[in-house]
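*Asks:* Residue numbers (my numbering), protein chains in the order written: chain A, 4 to 341; chain B, 4 to 341.
FYI, nobody ran anything at the bench for these hints, they're computed from the structure.
Honestly, I wouldn't trust all of these hints.
Because identical chains share one entry, a pair is satisfied inside a single copy or across any pair of copies.
What the hints assert, rightly or not - Mimicking DSBU-like on lysine-lysine, the simulated pairs with C-alpha atoms at most 35 Å apart in a straight line are:
#, residue 1, residue 2
1, K19, K239
2, K136, K286
3, K5, K275
4, K148, K194
5, K194, K239
6, K136, K194
7, K8, K194
8, K263, K166
9, K34, K194
10, K262, K148
11, K48, K275
12, K19, K263
Number of protein chains: 2
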Amino acid sequence: MKNVKIGVVGYGNVGKGFVQALNQKTDFYRKIYQLNFFITAIVTKNNGCVYNPNGISLDELLTVNSFAELSDVERPDWNTISMIQQAETDVIVEISSTNLINGEPAVLHIREAILSGKNVVTSNKGPIALHYKMLNSLANQNNVKLGIEGTVMSGTPSLRFAKDLLFPSGITSVRGILNGTCNFILTEMEKGLSFNEALAHAQEFGYAETDPSGDIEGLDTAGKVAILSQLIFDEKQTPAEMGYEGITGITVEDIQMAKKENCRWKLIGSVKKVQNHIITSVKPEMVPLSNPLANVNGSMNAIQYETDLLGMVTLIGPGAGRMETAAALLEDLITIYK
Amino acid sequence: MKNVKIGVVGYGNVGKGFVQALNQKTDFYRKIYQLNFFITAIVTKNNGCVYNPNGISLDELLTVNSFAELSDVERPDWNTISMIQQAETDVIVEISSTNLINGEPAVLHIREAILSGKNVVTSNKGPIALHYKMLNSLANQNNVKLGIEGTVMSGTPSLRFAKDLLFPSGITSVRGILNGTCNFILTEMEKGLSFNEALAHAQEFGYAETDPSGDIEGLDTAGKVAILSQLIFDEKQTPAEMGYEGITGITVEDIQMAKKENCRWKLIGSVKKVQNHIITSVKPEMVPLSNPLANVNGSMNAIQYETDLLGMVTLIGPGAGRMETAAALLEDLITIYK
Chain A
4 MKNVKIGVVG YGNVGKGFVQ ALNQKTDFYR KIYQLNFFIT AIVTKNNGCV
54 YNPNGISLDE LLTVNSFAEL SDVERPDWNT ISMIQQAETD VIVEISSTNL
104 INGEPAVLHI REAILSGKNV VTSNKGPIAL HYKMLNSLAN QNNVKLGIEG
154 TVMSGTPSLR FAKDLLFPSG ITSVRGILNG TCNFILTEME KGLSFNEALA
204 HAQEFGYAET DPSGDIEGLD TAGKVAILSQ LIFDEKQTPA EMGYEGITGI
254 TVEDIQMAKK ENCRWKLIGS VKKVQNHIIT SVKPEMVPLS NPLANVNGSM
304 NAIQYETDLL GMVTLIGPGA GRMETAAALL EDLITIYK
Chain B
4 MKNVKIGVVG YGNVGKGFVQ ALNQKTDFYR KIYQLNFFIT AIVTKNNGCV
54 YNPNGISLDE LLTVNSFAEL SDVERPDWNT ISMIQQAETD VIVEISSTNL
104 INGEPAVLHI REAILSGKNV VTSNKGPIAL HYKMLNSLAN QNNVKLGIEG
154 TVMSGTPSLR FAKDLLFPSG ITSVRGILNG TCNFILTEME KGLSFNEALA
204 HAQEFGYAET DPSGDIEGLD TAGKVAILSQ LIFDEKQTPA EMGYEGITGI
254 TVEDIQMAKK ENCRWKLIGS VKKVQNHIIT SVKPEMVPLS NPLANVNGSM
304 NAIQYETDLL GMVTLIGPGA GRMETAAALL EDLITIYK
């Protein structure tokens, strides 16, 4: 049995899902992989830091309303950087809130963890969209691993699927439905709703935030295309550099016109390499119903890889959710330590 | 750069595809993985054996009509077992013709390779459907690897996807469209053809063999379910034990009835574990159009995993073809040696 000590940075929705999922699977991982995961430290922006080098009780974490109620922890006066430097941890799970403008403060956290010799697992899009190439080569230089599965399609293993399994078949292009909010809105519009009515539905069901601009204007999808571009084609292009168009311009008439042509509108993010040039695109496209992407409805996501040897392969699965994102973090942890 | 010497058992359609695909990707694998693959030996049932411990020229293999025309090879008097024992190889690629009754002679070949300390990569369903558990534990005991990606969905990486990536999320059930011939026939019947007309089309387009019984009566799908059952749930059930039903009983009326209920008939192979009991099924099912499986048409295959943490994840891709099956063998080789 191998013990793995985890330090967690950020404790919002994903953090709570991570504790819940890890608690649910702890015995399974002991049995199947002989891996014993402990959370030894959690550091937050506003609620301080809790620490127990022998492992914080997950059961207790799941029942308390605040860190103040935890019985068996120290409360060191650490900020994130000092937690990374001083807590007993093997791996840092970086799940602080995301920032697609400059990636901070997560870039700083991930750099510090790598330089401290820790593996890093993250579902945080911002730092990876903007700096994956730099961070991954820093990790390689420091002989640690950087797991980023949760940054695209949450726990649906779209990234390791491409990089570990499809890559030998020669990936030539990638396209996908990478934002569940937009796909939910477009699916509602298929039922006859206007864009604004569909957006209101999405907000009601919790698929869209109060300020939905990052989703519906395409920035979130562009961030994911930036990640795919670096991971698959080793080329960096920021969302600002690639330009992107969201779904706010799609009208009921557009939807009906697509229907007549046996198509559906989908917000498609894509990247391909043509003669050493990277070509990215984020915009609504009319997808023929014969393409599996056209039949991916509601908040579901999908990604489609075109390969030399295999032709087209499509992966459909959830793209968000606390347990789904937690699953991605656990997949990375298992892959690193098994 | 690491050199890997490959011995090939069987040289039919898949063998030729393997040589073509490997030739196409040799430089890519050198550059990306620092792996240099050579084929040092090929042994066949009826055309003898060719051998060059420094590597047989792939370019030449692709142009000659028979082994007799090869210029730079030895022609030792080896059968398969003596090739495995005596040729300089690191890994045996077993692609002799399949046998879903007792798996022979491939079981014998794979056993001998494992006992000789060679890794094994195969797309041969028979031995894996009937004896994966035994062969894999023999491989573990002998510290060699057994790659079986090509036995289900050809190069679409459905098996490593499940075992390496989804497994930590807790797979509870698997179902899929695992036979392209049946799916092609059912798709043709959607256009109004009778079963016999659709079968004739399938034969015309090369999707069905002259004797199509193994496909249309469900045995091929049952073999794949047997593989999934062993790989995912560690439970063995032979096709004969599980029982199976093909698509020969599906009528034009059945197709129309399904259409009225917003469904499509698909030959579904499935396996799940309920309270330590394995439940397998191979039979035509009416799949609602809202399920991604219903929209997988023609000769395309698909597999759907249900998981604890992620819910449903669907993978759609090719399930047959010489280059597609070759891709699976290459994926296994890269995974083993990278």
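*Asks:* Hint by hint, note whether the structure agrees.
*Replies:* Tested hints:
1. Taking CA atoms no more than 35 Å apart as the test, K19 paired with K239 passes inside one copy only; the shortest distance there is 32 Å, against 38 Å between copies.
2. In the homo-oligomer, the alpha carbons of K136 and K286 lie at most 35 Å apart inside one protomer (25 Å), although the nearest pairing across protomers, at 48 Å, exceeds that limit.
3. Taking CA atoms no more than 35 Å apart as the test, K5 paired with K275 passes between copies only; the shortest distance there is 30 Å, against 41 Å inside one copy.
4. Proximity of K148 to K194 under the C-alpha cut-off of 35 Å is found in neither arrangement, the shortest distances being 45 Å within a copy and 52 Å between copies.
5. Taking the closest pair of Cα atoms, K194 and K239 never come within 35 Å of each other, the shortest separation being 38 Å inside a single copy and 46 Å across copies.
6. In this assembly of identical chains, K136 and K194 lie within 35 Å of each other by CA distance neither inside one copy nor across copies; the values are 42 Å within and 49 Å between.
7. For a Cα distance limit of 35 Å, the shortest separation of K8 from K194 qualifies neither inside one copy, at 49 Å, nor across copies, at 58 Å.
8. Proximity of K263 to K166 under the C-alpha cut-off of 35 Å is found in neither arrangement, the shortest distances being 38 Å within a copy and 42 Å between copies.
9. Proximity of K34 to K194 under the C-alpha cut-off of 35 Å is found in neither arrangement, the shortest distances being 47 Å within a copy and 50 Å between copies.
10. Taking the shortest Cα distances, K262 and K148 never come within 35 Å of each other, neither inside one copy (46 Å) nor across copies (50 Å).
11. In this assembly of identical chains, K48 and K275 lie within 35 Å of each other by CA distance neither inside one copy nor across copies; the values are 38 Å within and 44 Å between.
12. Taking the closest pair of Cα atoms, K19 and K263 never come within 35 Å of each other, the shortest separation being 45 Å inside a single copy and 45 Å across copies.
This entry does not satisfy hints 4, 5, 6, 7, 8, 9, 10, 11 and 12, going by the numbered hints stated previously.
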